[in-house]
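Novice: Here's the letter readout for the chains.
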Amino acid sequence: MVQYVWLIPLLPLIGAFINGVFGSRLSKTTVGVLASALMGVSFIIACSIFVHIISLPVHERSIEVSVYNWMTSGQFSVDINFLVDPLSTLMILVVTGVGFLIHVYSTGYMHHDKAFWRFFSYLNLFVFFMLMLVLGGNYLVMFLGWEGVGLCSYLLIGFWYEKKSASDAGKKAFVVNRVGDFGFILGLFLLFWTLSDSGIHSLNYGEVFAHAGSIDPATITIITLLLFVGACGKSAQFPLYVWLPDAMEGPTPVSALIHAATMVTAGVYMVARNNALYSLAPFTGEIVASVGIFTAFFAASIGLVQNDIKKVLAYSTVSQLGYMFAAVGVGAYTAGVFHLMTHAFFKGLLFLGSGSVIHAMSGEQDMRKMGGLHKHLKFTSTTFIIGAVAIAGIPPLAGFWSKDEILWEVFEKGHIYIWITGLVTAGMTAFYMFRQVFMTFTGECRADEHTKHHIHESPKSMTVPLIILAVLAVTGGVVGIPFFEEGTAAHHFLNSVFSHGAAVVNHQGAAAHDSEAIYGGLEFILMIVSVCVGALGIFLASLMYYEPMKKYAPSFWKAEVMASKFSGLYTLLYNKWYVDEIYDACIVNPIKRACAACLRFDLGVLDGMVNGAGWLTRFAAWLSHKFDIYVIDGLVNSMATGVSLDGRILRRLSSGQIQHYALVFVLGLIVIFGGFILGY
Amino acid sequence: MHEIAATFPILSTLIFLPAVGALLIIFFARPERRELIRWSALGFSLLEFVFSLYLPLTYDTANPGLQWVERGVWIKRFGINYILGVDGITLLLVLLTTLVTIVCVLASWNDIKVKFKWFMAMLLFTETCSLGVFMSMDLFLFYIFWEAVLLPMVFIIGIWGGGRKLYSAIKFFIFTFVGSLFMLLGVLVLYFYHGAATGVYTFDSTILFQNPVIPAVQFWIFIAFFLGFAVKVPLFPLHTWLPDAHTEAPTAGSIVLAAVLLKLGTYGFLRFSLPLLPNASMRFAPLLMVISIIAIIYGALVTIAQKDMKKVVAYSSVSHMGFVMLGIFALNIDGFRGGLLQMINHGVSTGALFLLVGMIYERTHTRNIGDYKGLMKTMPVFGAFFLITVLSSMGLPSTNGFVGELFILIGAFQAYPLYAVFAVVGVLLGAVYLLWLFQRVFMGDFFYNGKHVLEDLCFREIITGAALLILIFWIGLCPKVFIKSMDASLNEVVRLVDVNSKKALAAAQPPVVAAVEPQAPASRVGR
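For the protein sequence lines, the chains are A and B, in the order given. First residue of the first sequence? That's 1 in the working numbering, and the numbers climb one at a time after it. First residue of the second sequence? That's 681 in the working numbering, and the numbers climb one at a time after it.
A couple of the hints might just be wrong.
Covered stretches of chain A, as calculated for chain B (at least 3 residues, CB under 8 Å) [to be verified]:
hint, stretch
1, 71-84
2, 133-145
3, 168-176
4, 190-198
5, 276-285
6, 585-597
In silico DSS-like pairs for lysine-lysine, Cα to Cα no more than 30 Å straight-line [as the list claims (entries may be wrong)]:
hint, chain 1, residue 1, chain 2, residue 2
7, B, K1057, A, K163
8, A, K164, B, K987
9, A, K163, B, K987
10, A, K164, B, K1057
11, B, K987, A, K592
12, A, K28, B, K1057
13, A, K592, A, K311
14, A, K311, B, K1057
15, A, K592, A, K164
16, A, K114, B, K1057
17, A, K163, A, K369
Simulated from the structure, these hints should not be mistaken for lab results. All C-beta atoms, glycine included, are put in the ideal place defined by N, C-alpha and C.
Build the full structure now, drawing on both the sequences and the hints.
Specialist: Structural data, given as structure tokens:
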């Protein structure tokens, strides 16, 4: 079965091609069914590969499947190849599984759109590239997927290209990602260059990781930092996160699939995949974890005050990705990937739920105009609340187990500040999620009459995926429940991939593992602490936004009062710390000015010199023409004999045409130049 | 050396077939018979392309030397010969030229209104001369073709161009002509020095390759060659003829200019400057790489500020050709590979961009970006073609641009990592101007207030564009065959640079033995 792994990406590609080329002539049903069915088949194949991988002994769970030789040049050779191991298997399960559900959802959500076929073509194409990214067996195939998903993200964000804001957002996403890729590709070059110095001309993971130990620490730190720059772009980490909130201009299923469940986790996947390199670079690890947890806090702080239902989720995604980076940064790769998976479930669910709300509200996204939707949208609101509980970290839902594992690992590895920040952020997460839930689903509906009249529950094609994802958001944590002997199921499964990294980390942290029993107890206590923080967040949100609770709230704990009391902070948060404005002032505008300056230089100075030379030649021509007439001709006339022949030659030479003067000019130069050489 | 003589003068046939076609059209087609003219032009260019396919089919990739060589003496007294040959460096360029000519004929199908038969003839003459440049292995013959290619191009711009066509044509002519004269001077100096040193006065490059002149002379010849080649590339700051020529040229003129004529310069560096002047090339390489990087970034910045679609593509050429130069002067095999492949890529992608811009110009008679937007709505096929071409020009993996840039960057990284860092900035800016162009023209609400009808591509246009799109993906997904065809010959260049630089150094030093032994000065005095 494993040798047919190439079918998994190929099927969506076929779908993209058929829908892209013939889609405009096919019926919407055909287009939707085709795209979804191909995804479904991919998912089934992925499942069978998962079963196959589990059946293998642990040390054989890494299989390389080569499809064809992509490029060869000298000793350097790159195949299109796939690496099937527990990590990539988990990723393809998430991508095809969640991808399939979102395809099904989209058949309902996008049903009224004229460019239905184009949407599914792009969506399938995206899945193809995403699968190439996670399945690729070498860095270049990963990069192929990496750029490809960026392209599809660009196309899908700008799907409603008639809207200027949408096409702007698409371009912004692509360009910011390219800034990240700048680091990524330089990291690859440095890696390739360093390795080829020691005789390794391959970019296959296996060979690179096997020789990672021979690279000197400084170089490996630079390599991993550069690769992390790429991850920051793709996974929307500070300071390159700015494109993700704007990306919400795309249709909501796109936000769910690309900007929550799959593409944005590519950076986390990349770091986890390169654990062999990252665990050799502890300094980079510190940077990754710090950037991650800072982003988590920073984005959550913005999420507290946003009013657009999707923007809240977007900042939440940035924040949760920060958690994942905090985990992989401290070497807790399993925890990071585990959170990646549960996040795909509950954030996918939340986005699809918000889509269902927007669908019901006739396109309205402002939560201040919502409220009381629970009455009308039973399925949507129930599943949405499940998702909110999951992300808030309330047991036994999936988000609790994965977030708690991250916090525990961070704590256990001695990063107290990261742990505290993570804990505070968890409280903020619970707060803004339930602020959203209360504003959207409870209280009185604040929409206008027309919209109110149209509120309706979404069709089955949309609610069924919601229900499935809700089930996953509840149960998805099972694989990561600790307290079993010797770690979690997720640990067991992923262990062989992270053994490179784990070997180093365990070596460093050996002292910390002295007494499992005490830690078992401590882990339990910390778990309770984080549950309490989450519950506190929900409680505070309910006091502020939930009608029945509002009367218990102290007088200062009202949204308006807080906003006016801390108006400076509120304005700062509401305007997203003015990061976009700062970028405009410090980067975008200077580049624009540089462009204009270069253009002026080109037209004024360079072309000016050329035209100036042309003018000078013409002037010289005019001058010699006058000279010809008054001096030469005068002489000729005065002599009046014999020399008329010379005059004619001269006149021909000074015929006033530019070419001739250029020719004379050049010949003169040649004489000078030639003399120079011969005299050398 | 490894030369394979031709059993049948295939290369001469390839060079002169278009010229014969052009003459037939000029003499036998009456100007009003447009159908006859364009179909016969298409017929000749297709026939030429089919003939040129004979080369890759019978090409021996393992042999680095010239193949299908034709040798004849032209002017014996001056050592001027008629030598044609094709190797791994030229093979793809020849195929690109023959393919692009078909594209140009198809692009001019309805575009050209006046003096139609002369235009088609000029296109075919351009093909003849460009093929001649690529195939000539005698420096004098090379120079003849090099200058000859100017004329049809100047006419194409000056007669069938728009706007400031005369200004542009004359500017183009003077720029390249001045450069070429320096090159001729360099060739002559080389000829005399080589003759004086070895006693053999010849323009035969295969002989010149074997006896490099001393480094001090190389220095000057390199500058002379540089002025000739760099103008054609065009390398910053000698590029200002390019935006004008491209903008005013008719579509086919822009395509052939971008796809073929710009390649002559970089080809000259790779073919002649490096093996003939290896020491000077090494000496100038760091400077040229810096200039290339300036070209890449400067070109990109100026591109961003453009408001005319053709100018965007024209200035982006400055940036892209900077990449080619960067690869070549990395002076290693990866850089050469990338540089040569990127020449083909630039020909395909930028050629396609000019083709597409031409299609919209033909419909609306404006190239001003502000004059229309949201074209995706009315012209979806056109939009898809444009997007794919833009992506290829940006170097997205799975398209041709990626492979070329990858090898160039690997080569540059090996030469000096910082070069690659700056070059990648250029890649980044490329995404900015290309996506912005696409956004401004194709996205947003549909807007066009001209009086012309905006129809999507017709069958002829789809076929024309598809030919280039297929190449974009073919090179992107299976670059192997392309790289394999060039590898042996590029390795030969690497070897020649290495061997010749040592030879030249050795020749420049007085023999060590002579300096030690007492009778040596006496013998020198005796001479």
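Novice: All hints are to be evaluated individually against the structure, with a verdict given for each.
Specialist: Hints and how they fare:
1. A count of 5 residues in the stretch 71-84 of chain A with a Cβ less than 8 Å from any Cβ of chain B is obtained; the coverage claim is therefore met, three being the minimum.
2. Closer than 8 Å: that is the beta-carbon criterion, and the stretch 133-145 of chain A has 3 residues meeting it against chain B, so the requirement of 3 holds.
3. Counting residues of the stretch 168-176 of chain A whose CB lies closer than 8 Å to any CB of chain B gives 5, which reaches the minimum of 3, so the coverage claim holds.
4. With 3 residues having a beta carbon nearer than 8 Å to a beta carbon of chain B, the stretch 190-198 of chain A meets the requirement of three or more and the stated coverage holds.
5. Requiring three or more residues with a Cβ within less than 8 Å of a Cβ of chain B, the coverage given for the stretch 276-285 of chain A is violated, as only 0 such residues are present.
6. Counting residues of the stretch 585-597 of chain A whose beta carbon lies closer than 8 Å to any beta carbon of chain B gives 5, which meets the minimum of three for the stated coverage.
7. The suggested pairing of K1057 of chain B with K163 of chain A holds, with an alpha-carbon distance near 13 Å, which does not exceed 30 Å.
8. Restraint check for K164 of chain A and K987 of chain B: the C-alpha separation of about 19 Å stays at or below 30 Å, so the hint holds.
9. At most 30 Å may separate the alpha-carbon atoms for a hinted pair to count; K163 of chain A and K987 of chain B meet this at roughly 21 Å.
10. Distance restraint check for K164 of chain A and K1057 of chain B: the Cα-Cα separation of roughly 14 Å lies within the 30 Å cut-off, and the hinted pair is therefore satisfied.
11. The straight-line distance between the Cα atoms of K987 of chain B and K592 of chain A is roughly 14 Å, inside the 30 Å bound, and the hint therefore holds.
12. A distance of roughly 19 Å separates the Cα atoms of K28 of chain A and K1057 of chain B; the hinted pair therefore holds under the 30 Å criterion.
13. For the given pair, K592 of chain A sits about 28 Å from K311 of chain A by alpha-carbon distance, which is consistent with the 30 Å threshold.
14. Taken as a hint, the K311 of chain A and K1057 of chain B pair is honoured in the structure, with Cα atoms around 29 Å apart against an allowance of 30 Å.
15. Pair hint K592 of chain A plus K164 of chain A holds up; C-alpha atoms about 20 Å apart against a cutoff of 30 Å.
16. Among the hinted pairs, K114 of chain A with K1057 of chain B is consistent with the structure: their alpha-carbon atoms are about 11 Å apart, no more than 30 Å.
17. Restraint check for K163 of chain A and K369 of chain A: satisfied, since their Cα atoms lie roughly 22 Å apart, inside the 30 Å limit.
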